[in-house]
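Novice: Sequence:
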Amino acid sequence: MPIFKNGNFSQIGLSSKGDATAIKVGHKKAVNFPRRLSVDALPELSFNIEPPKLDLAKSEKKWGLRLNNLTLRKDFESWIYGVWGNKPTNDIYFTSIAWDYSGKAPIVYPPKGASASSFIIPIKAQTTRQFIGDGISLWPSQKVVGALNIVLLVYECDEDVRNVGTRLVTIHDTVQGSQLAALILAISANPALATGVAIGVAVNELLGVVGKIMKSDTDDYVDLFEGSYGTDKKQETRREKYDQDAAGIEIELTVS
Numbered sequence: 005m006p007i008f009k010n011g012n013f014s015q016i017g018l019s020s021k022g023d024a025t026a027i028k029v030g031h032k033k034a035v036n037f038p039r040r041l042s043v044d045a046l047p048e049l050s051f052n053i054e055p056p057k058l059d060l061a062k063s064e065k066k067w068g069l070r071l072n073n074l075t076l077r078k079d080f081e082s083w084i085y086g087v088w089g090n091k092p093t094n095d096i097y098f099t100s101i102a103w104d105y106s107g108k109a110p111i112v113y114p115p116k117g118a119s120a121s122s123f124i125i126p127i128k129a130q131t132t133r134q135f136i137g138d139g140i141s142l143w144p145s146q147k148v149v150g151a152l153n154i155v156l157l158v159y160e161c162d163e164d165v166r167n168v169g170t171r172l173v174t175i176h177d178t179v180q181g182s183q184l185a186a187l188i189l190a191i192s193a194n195p196a197l198a199t200g201v202a203i204g205v206a207v208n209e210l211l212g213v214v215g216k217i218m219k220s221d222t223d224d225y226v227d228l229f230e231g232s233y234g235t236d237k238k239q240e241t242r243r244e245k246y247d248q249d250a251a252g253i254e255i256e257l258t259v260s
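In this note's numbering, the protein residues as written are 5 to 260.
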């Protein structure tokens with residue numbers, strides 16, 4: 005599965021407020037324990053010790069995530085032209101799902117009820133669409149709990165664009181009722197449930213359902229990007245470019 009290499013779903017930030025306890029024969033001894041760590045580091049650190057109480061780590065500053073541009077690459081041109089012939093432009097759109105572990109529902113783009121004409125992107129292969137101003141907001145600036153995660157799927161619209169809006173309403177409803185949404189809520193109440201395996205399974209389950217929604221129509225899958233920014237690490241404002249076979253994106257993480 006294509007991913008952009010900035011972490012993974014096991015990088016959920018945890019925080020501790022006390023020392024761990026080393027359990028030896030006949031006595032216990034306090035030992036230092038990291039104040040911030042990711043959930044994937046916990047099994048190794050917890051070997052032969054009793055960790056202190058752990059909470060989900062919250063970012064010290066507000067984080068935002070936006071899409072600055074989208075590129076259709078040469079491989080997209082080769083594939084789509086071979087099927088459909090020479091097309092002057094392609095109607096592209098994307099949908100994204102972003103979440104942390106605050107207990108809030110995942111944020112889905114485009115917004116529910118948005119007009120299809122406002123998010124369909126006419127673009128030629130081997131060109132880049134630059135989104136003006138501050139780009140497209142995928143995660144509005146706010147403090148992040150545990151990790152900021154993003155899944156972004158790119159599709160080509162091969163039918164009446166008016167049907168795309170109806171399809172995206174179905175995706176919104178699917179996300180809200182998904183295993184992923186339930187797990188996010190559960191982790192916010194009980195950080196001990198936070199495992200990268202469980203999140204990965206929930207994400208794949210949701211992507212499978214979304215794929216079936218798209219497959220039921222005639223829209224063609226173009227590419228997938230996904231990644232995670234854990235609160236166990238200090239994050240700084242930066243732009244990141246990621247290229248797949250068919251598409252490329254520039255993502256900007258803002259920290260303020």
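The hints are simulated quantities; they were obtained by calculation from the structure and are not laboratory data.
Everything numeric in this text was worked out from a predicted model, so none of it was measured.
A few of these clues could be false.
[Unchecked claim] Each computed EDC-like pair below joins lysine to aspartate or glutamate, with the alpha-carbon atoms no more than 16 Å apart:
no. : residue 1 : residue 2
1   : K216      : D247
2   : K116      : D44
3   : K128      : D95
4   : K238      : E64
5   : K147      : D44
6   : K65       : E240
7   : K66       : E256
8   : K66       : D247
9   : K245      : E256
10  : K128      : D177
11  : K57       : D95
12  : K237      : D44
13  : K78       : D249
14  : K237      : E64
15  : K128      : D162
16  : K21       : D59
17  : K62       : E240
18  : K78       : D247
19  : K147      : E64
Novice: Against this structure, judge whether each hint is valid.
Specialist: Now for the hints, and whether the structure bears them out:
no.	hint	result
1	K216 to D247	violated, 25 Å
2	K116 to D44	violated, 34 Å
3	K128 to D95	holds, 9 Å
4	K238 to E64	holds, 9 Å
5	K147 to D44	violated, 22 Å
6	K65 to E240	holds, 10 Å
7	K66 to E256	holds, 14 Å
8	K66 to D247	violated, 27 Å
9	K245 to E256	holds, 9 Å
10	K128 to D177	violated, 32 Å
11	K57 to D95	violated, 51 Å
12	K237 to D44	holds, 13 Å
13	K78 to D249	holds, 8 Å
14	K237 to E64	holds, 11 Å
15	K128 to D162	holds, 14 Å
16	K21 to D59	holds, 9 Å
17	K62 to E240	holds, 15 Å
18	K78 to D247	holds, 11 Å
19	K147 to E64	holds, 7 Å
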